[in-house]
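Colleague: In order, the protein sequence lines correspond to chains P and X. Just so you know, the first sequence maps onto residues 1 to 246 in the numbering used here. Just so you know, the second sequence maps onto residues 1 to 246 in the numbering used here.
Simulated from the structure, these hints should not be mistaken for laboratory data. A few of these clues could be false.
Far from chain X by the CB rule (all over 12 Å, computed), these chain P residues [unchecked claim]: (1) Val27; (2) Thr49; (3) Lys56; (4) Thr148; (5) Ala154.
Chain P regions said to be covered by chain X (calculated; three or more residues, Cβ under 8 Å) [stated by the list, open to error]: (6) 98 to 108; (7) 125 to 135; (8) 210 to 220; (9) 230 to 239.
We put the CB at the ideal spot given by N, CA and C, even for glycine.
There are 2 protein chains.
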Amino acid sequence: MELFYSSKIEDNSLLLDQDESGHCVRVLRKRCGDTVSVIDGNGTLFRCTLVDDNPKSARAVINEAVNDFGTHPYNLQMAVCPTKNTDRYEWFVEKATEIGVDAIVPVIGDHSERKIFRTDRLKRIVLSAVKQSLKAKLPEVRESLTVTEYLQSAPSSSLRLICYCDSTLPKEKRTAIAEALGKSKTNDICILIGPEGDFSTEEINLALTLGWQAVHLGDSRLRTETAALAAVLAVYYFYPDGTAID
Amino acid sequence: MELFYSSKIEDNSLLLDQDESGHCVRVLRKRCGDTVSVIDGNGTLFRCTLVDDNPKSARAVINEAVNDFGTHPYNLQMAVCPTKNTDRYEWFVEKATEIGVDAIVPVIGDHSERKIFRTDRLKRIVLSAVKQSLKAKLPEVRESLTVTEYLQSAPSSSLRLICYCDSTLPKEKRTAIAEALGKSKTNDICILIGPEGDFSTEEINLALTLGWQAVHLGDSRLRTETAALAAVLAVYYFYPDGTAID
Numbered sequence: 001m002e003l004f005y006s007s008k009i010e011d012n013s014l015l016l017d018q019d020e021s022g023h024c025v026r027v028l029r030k031r032c033g034d035t036v037s038v039i040d041g042n043g044t045l046f047r048c049t050l051v052d053d054n055p056k057s058a059r060a061v062i063n064e065a066v067n068d069f070g071t072h073p074y075n076l077q078m079a080v081c082p083t084k085n086t087d088r089y090e091w092f093v094e095k096a097t098e099i100g101v102d103a104i105v106p107v108i109g110d111h112s113e114r115k116i117f118r119t120d121r122l123k124r125i126v127l128s129a130v131k132q133s134l135k136a137k138l139p140e141v142r143e144s145l146t147v148t149e150y151l152q153s154a155p156s157s158s159l160r161l162i163c164y165c166d167s168t169l170p171k172e173k174r175t176a177i178a179e180a181l182g183k184s185k186t187n188d189i190c191i192l193i194g195p196e197g198d199f200s201t202e203e204i205n206l207a208l209t210l211g212w213q214a215v216h217l218g219d220s221r222l223r224t225e226t227a228a229l230a231a232v233l234a235v236y237y238f239y240p241d242g243t244a245i246d
Numbered sequence: 001m002e003l004f005y006s007s008k009i010e011d012n013s014l015l016l017d018q019d020e021s022g023h024c025v026r027v028l029r030k031r032c033g034d035t036v037s038v039i040d041g042n043g044t045l046f047r048c049t050l051v052d053d054n055p056k057s058a059r060a061v062i063n064e065a066v067n068d069f070g071t072h073p074y075n076l077q078m079a080v081c082p083t084k085n086t087d088r089y090e091w092f093v094e095k096a097t098e099i100g101v102d103a104i105v106p107v108i109g110d111h112s113e114r115k116i117f118r119t120d121r122l123k124r125i126v127l128s129a130v131k132q133s134l135k136a137k138l139p140e141v142r143e144s145l146t147v148t149e150y151l152q153s154a155p156s157s158s159l160r161l162i163c164y165c166d167s168t169l170p171k172e173k174r175t176a177i178a179e180a181l182g183k184s185k186t187n188d189i190c191i192l193i194g195p196e197g198d199f200s201t202e203e204i205n206l207a208l209t210l211g212w213q214a215v216h217l218g219d220s221r222l223r224t225e226t227a228a229l230a231a232v233l234a235v236y237y238f239y240p241d242g243t244a245i246d
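The following block holds chain P by itself, in its conformation from the complex (with noise of 0.2 Å):
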């Protein structure tokens, strides 16, 4: 199944923006009468008919929506420090977009190399891992901020986990994700992940003093990526029922 996305679904029909349009007709060779799936990249799917099959701004009307469509059953927001090189970055948003995340936050730490981490090719990542992966809700690419902005806004509600390997704090001292999901009464989860250079004492201080609880990955020592995506895949596993996809 190819999923397309529209953000312009109106009661019964929707257009397609020129890009998907032209994937839709001119790649994919889609005309008038034939069956389309698009969703709205806030959780609802659409089974459609094509009934204008123009390669810049197609139109389809709708049989049926399908909500909560390859969603999970949690709320996860990752916050993670930008890599040296961009691509390690692109990567992990690619590979927690097809595992199940809802927001994609990039923080800047004391101890980021980075200071200004740009978006917008996030956002088209995004777009395309949702529908490869057969999901209909788009996880939200948030704008940077500090560590330090990001420690303070995070909801206190949630269960917030800081990812660190500074060795002032053995392991013993830190839970693993699956045991810290285990204690909580709450599914919205954020995540924080450090810097290549770890964060900052100060930055750890004002987590653990906000309540923040320290995790721990395992005992590998991971890259800033794979230690994200180590961090999506502890909570993916550890519910394991999500919304079955056809």
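Start from chain P and add chain X according to the hints.
Modeller: Frame of chain P; chain X shown alone:
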């Protein structure tokens, strides 16, 4: 800590090859008398003193040997069909090495688009990832073989898991990897991940006949390389107590 690799280890000294010598002496400016950490690729780390800082052929004397450095408490062979895009396979190999894997076997399925797969680049990626993630044992990169050959050659004493999407076997009839590990008496594990076009019915039937267990990776539709990495992490998280690294 920076690790170097040597395949030329004598009783109490070792030689670095041209690449490693150049990195050690030219890039990192190590000089005679400096401490260097060298792995043998078989699980041992040597703490050494540099005694010849020749940038083409550096030599060090061994002060201490640390066995089983950065190992993990399982033996995992990942047999994964090549992806159309080689970059994606290489990403998987790098990430699996960081997390912990013992052998990587490119397998060619009936539905694989690629029928030939070269492994020389993978060996370089594995070496780089082993050093970066502070391990001393290089995962073995095997030459490619067909899925049928692999199914028949994997030792029946190991836990053999096949991961596929074929809807003729619904998710309820497959187990999660953690569940299969929980019922297993061995920590020798072989996991087989199919190509983009999935396994053929003949391959699946052969696997089940030979006693392979069908497993699933949850509800998300994952790309080949994402599925393979998700499988490695399912094993990694099942065995929480690896060997601590410092």
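Colleague: Now, for every hint given, state plainly whether the structure supports it.
Modeller: Verification of the hints:
| no. | hint | result |
| --- | --- | --- |
| 1 | Val27 | 17 Å, holds |
| 2 | Thr49 | 24 Å, holds |
| 3 | Lys56 | 29 Å, holds |
| 4 | Thr148 | 29 Å, holds |
| 5 | Ala154 | 24 Å, holds |
| 6 | 98 to 108 | holds (count 3) |
| 7 | 125 to 135 | holds (count 4) |
| 8 | 210 to 220 | holds (count 3) |
| 9 | 230 to 239 | holds (count 5) |
Violated hints for the displayed structure: none, as all numbered hints are satisfied.
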